[in-house]
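Novice: Here is what each chain is made of, one letter per residue.
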Amino acid sequence: MSDALTLTGRALRLSRRNVDAVITSLMLPVMLMLIFVYFFGGAIETGTAYVTYVVPGVLLLCAGFGASTTAVTVSEDMKGGIIDRFRSLDIGGLPILTGHAAASTARNLVSTALVLGVAFAIGFRPSASPAGWLAAAGILLAFVIAVSWLSAAIGLLAKTPEAAGGFTFFMMFLPYPSSAFVPIETMPDWLHGFAEHQPVTSVIESLRGLLLGRPVGDSPWIALLWCAGLLAVGLVGASSLFRWRTR
Amino acid sequence: MKPSAHEPHGPRKPQAPQEPHDHREPHTPDEPHTPDEPRHAPHPRPGRRRPGPSGPSGRSGPSGPGSGRHPIPAIEATALQKSYGDVRVLGGVDLRVERGTVFSLLGPNGAGKTTTIRILTTLTGADAGTARVAGHDVVAERSAVRRAISLTGQFAAVDEMQTGEENLRMMARLSGASRAAARSRAAELLERFDLTAAARRPARTYSGGMRRRLDLAAGLVGNPEVIFLDEPTTGLDPRSRQQLWEVVRELSTDGATVFLTTQYLEEADQLADRIAVIDGGRIVAEGTSHDLKSRVAGHRLDLVLSSRAAYERLAARAVLSIPETLTLGVPTDGTAVHVRALLDELDPGRGDVARFSLHTATLDDVFLTLTRTPPRTATSSAVSTESTEEATRV
Numbered sequence: 015m016s017d018a019l020t021l022t023g024r025a026l027r028l029s030r031r032n033v034d035a036v037i038t039s040l041m042l043p044v045m046l047m048l049i050f051v052y053f054f055g056g057a058i059e060t061g062t063a064y065v066t067y068v069v070p071g072v073l074l075l076c077a078g079f080g081a082s083t084t085a086v087t088v089s090e091d092m093k094g095g096i097i098d099r100f101r102s103l104d105i106g107g108l109p110i111l112t113g114h115a116a117a118s119t120a121r122n123l124v125s126t127a128l129v130l131g132v133a134f135a136i137g138f139r140p141s142a143s144p145a146g147w148l149a150a151a152g153i154l155l156a157f158v159i160a161v162s163w164l165s166a167a168i169g170l171l172a173k174t175p176e177a178a179g180g181f182t183f184f185m186m187f188l189p190y191p192s193s194a195f196v197p198i199e200t201m202p203d204w205l206h207g208f209a210e211h212q213p214v215t216s217v218i219e220s221l222r223g224l225l226l227g228r229p230v231g232d233s234p235w236i237a238l239l240w241c242a243g244l245l246a247v248g249l250v251g252a253s254s255l256f257r258w259r260t261r
Numbered sequence: 002m003k004p005s006a007h008e009p010h011g012p013r014k015p016q017a018p019q020e021p022h023d024h025r026e027p028h029t030p031d032e033p034h035t036p037d038e039p040r041h042a043p044h045p046r047p048g049r050r051r052p053g054p055s056g057p058s059g060r061s062g063p064s065g066p067g068s069g070r071h072p073i074p075a076i077e078a079t080a081l082q083k084s085y086g087d088v089r090v091l092g093g094v095d096l097r098v099e100r101g102t103v104f105s106l107l108g109p110n111g112a113g114k115t116t117t118i119r120i121l122t123t124l125t126g127a128d129a130g131t132a133r134v135a136g137h138d139v140v141a142e143r144s145a146v147r148r149a150i151s152l153t154g155q156f157a158a159v160d161e162m163q164t165g166e167e168n169l170r171m172m173a174r175l176s177g178a179s180r181a182a183a184r185s186r187a188a189e190l191l192e193r194f195d196l197t198a199a200a201r202r203p204a205r206t207y208s209g210g211m212r213r214r215l216d217l218a219a220g221l222v223g224n225p226e227v228i229f230l231d232e233p234t235t236g237l238d239p240r241s242r243q244q245l246w247e248v249v250r251e252l253s254t255d256g257a258t259v260f261l262t263t264q265y266l267e268e269a270d271q272l273a274d275r276i277a278v279i280d281g282g283r284i285v286a287e288g289t290s291h292d293l294k295s296r297v298a299g300h301r302l303d304l305v306l307s308s309r310a311a312y313e314r315l316a317a318r319a320v321l322s323i324p325e326t327l328t329l330g331v332p333t334d335g336t337a338v339h340v341r342a343l344l345d346e347l348d349p350g351r352g353d354v355a356r357f358s359l360h361t362a363t364l365d366d367v368f369l370t371l372t373r374t375p376p377r378t379a380t381s382s383a384v385s386t387e388s389t390e391e392a393t394r395v
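Chain order of the listed sequences is A and B. Take the first sequence: its letter number 35 is residue 49 in our numbering, and every next letter is one higher. Take the second sequence: its letter number 346 is residue 347 in our numbering, and every next letter is one higher.
Among the hints, a few may not be true.
Heads up, incomplete: computed chain B residues facing chain A, CB under 8 Å, no partners named [what the hints assert, rightly or not]:
hint: 1; residue: S144
hint: 2; residue: R147
hint: 3; residue: Q163
hint: 4; residue: M171
hint: 5; residue: S176
hint: 6; residue: R341
hint: 7; residue: L344
Covered stretches of chain A, as calculated for chain B (at least 3 residues, CB under 8 Å) [claimed, not checked]:
hint: 8; segment: 23–33
hint: 9; segment: 87–96
hint: 10; segment: 224–238
From chain B, some residues computed to sit far from chain A (all C-beta separations above 12 Å) [to be verified]:
hint: 11; residue: D216
hint: 12; residue: R250
hint: 13; residue: Q264
hint: 14; residue: T289
hint: 15; residue: L321
hint: 16; residue: E346
Everything labelled a hint here was simulated from the structure, so no lab data went into it. All of these numbers come straight from a predicted model, not from anything done at the bench. Glycine included, C-beta positions come from ideal geometry on N, C-alpha and C.
Based on the provided sequences and hints, a complete structural model is requested.
Specialist: Structure, rendered in structure tokens:
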């Protein structure tokens, strides 16, 4: 446990000093939000102010993208000799990966706060109850943790950090075929099945409902189920891939 | 435990007399250097034998003035085998390293050095054979082995984006030190490795030598009993290499066992009490530096001869022959006395040798002598014949 804390501290220091990554993961979501709100927003009819509609999607995009950078950091670690050094100190894969996942979660708290701040500045006015806020934060946190672990597994699977970087693109585009930026009804029929049932949609619907104080139905439960499933896949995948990589 | 298990390789040679050009510190008079000295102190050197268990670290356990020999060697490996797919990397390696000594595994790229180290440090499992390190089995008692050792590999195992101090504190914390203890241990190691001035700079700004020192320091935070160094000086400039050698000597003086791999004969010669030469996944020779030197000349005198007749007359003496340029290489210990005598002997009429040059024996020369096959082809063909042999056997 104390090893995991030490390694979280390490991963945090490393991500803080990776200036490019910090700028990208902070600036990109903000830029995307501004682009959607000001460039496309006028043309998209959602029934509410577009900024209100789009913020949950941007929050999620930001979180998914940020968490997926874990794949790159894990892959970087596997490339060098540091993992052997840790192993020769009798430290297993779990504390090492926990450090990365925890640092990823902390990074995303910062970028989420930034996106929310900018959103408020450009007119986002949620009407959530304190319980709604708490629930929304909880779901977003669950999503970030799940994606972080999944990314760790991808990072172990990838042969190079560059290949691992591909996963961040996947996570960045996953919200597009969902209700993140436009209502699903406006998409072609054949896309509905995927867009309505992919994990990102349930998370976004929950966030949107909770933040705007609307009825959410069973979306939060579906979202949590998705997160639990992704987390399980990520945890099991990462642990077994770590053993496989360090045979 | 087999008390005589560590001498199986190659023909047993009597220890050569002290060579005049030995460039180590002179032996002190109270350290007799005789061929029949006890086996646990194969090559006494001043400052190496500690007076007793009250030495600086006091961690080599059973060592003591009256104990005679250590019952448990630091490293003992029997018939280690390892293949990656169809490629046989180790074909039955036996090793025995006594506590408190420096042992060098010498060999070219691809000989199996790193694989041997990875097996001994529990990072890779052997296909067959057993190994015990610091008295523990590397498979069954993996954690105990890991607590007793440190590994500094070929790839720098420090975080580039962390400062030297942060790297060391992190390693100390991971070895179980408290926050305060980690801080003081880091400061101590930075001081010892001459990195205090650079302590607060990110490791990415370090020179190659500094990085290697930091890497080595990071391996020492937990006071390991057995220290593994995989090619510690590959790629370093001569000055950094000297500094690293100094560190290895200090570690050994402090009572730790050092197991290092190297491609450089000189490095093994400078540092190691005992040397094993590995080629194609097998130990082809093992002994003290003297043992090996008596079989491999330390230097080579290359002669350019003035006539074809002279070339042919002397060709039998040569370990290297280049007929196109009438060049022959003859083994020598490299001293002025020997070179002068050799020239007089080979060219009594003083007309046959046009020019000469002196070369330090290379690993190629070692292999030439130890394996009696041309070095370049030897390495590759030895591996391939061996693997086909093994393949048919399976």
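Novice: All the hints need checking, so say for each whether the structure fits it.
Specialist: Hints versus structure:
With a least beta-carbon distance of about 5 Å to chain A, the hint placing S144 of chain B at the interface is held under the 8 Å criterion. Among the interface hints, the one on R147 of chain B holds; its C-beta lies about 4 Å from the nearest C-beta in chain A, closer than the 8 Å criterion. Taken as an interface hint, Q163 of chain B checks out: its beta carbon lies about 6 Å from the nearest beta carbon of chain A, inside 8 Å. Of the supplied interface hints, the one on M171 of chain B holds, with its beta-carbon coming within about 5 Å of a beta-carbon of chain A, less than 8 Å.
A hinted interface residue such as S176 of chain B counts as satisfied when its beta carbon comes closer than 8 Å to some beta carbon of chain A; here the least separation is about 6 Å, so the hint holds. Taken as an interface hint, R341 of chain B does not check out: its beta carbon lies about 48 Å from the nearest beta carbon of chain A, beyond 8 Å. Hint status for L344 of chain B: violated, given a least beta-carbon distance of 48 Å to chain A, over 8 Å. Look at the segment 23–33 of chain A against chain B: 6 of its residues bring a Cβ nearer than 8 Å to a Cβ of that chain, three or more, so the hint holds.
Counting residues of the segment 87–96 of chain A whose CB lies closer than 8 Å to any CB of chain B gives 3, so the stated coverage by that chain holds, three being the minimum. With 0 residues having a Cβ less than 8 Å from any Cβ of chain B, the segment 224–238 of chain A misses the three-residue criterion, and the hint is violated. Non-interface call for D216 of chain B relative to chain A: violated, since the shortest CB-CB distance, roughly 8 Å, does not exceed 12 Å. Interface exclusion of R250 of chain B from chain A stands, the closest Cβ pair being 23 Å apart, more than 12 Å.
No Cβ of chain A approaches the Cβ of Q264 of chain B within 12 Å, the least distance being about 18 Å, so the stated non-interface status holds. Consistency note on T289 of chain B: stated as away from chain A, and its beta-carbon is indeed over 12 Å from all of that chain's, at 29 Å minimum. With a least CB separation of 37 Å from chain A, L321 of chain B remains clear of the 12 Å interface cut-off, as annotated. The beta carbon of E346 of chain B is kept farther than 12 Å from every beta carbon of chain A, the shortest such distance being approximately 51 Å.
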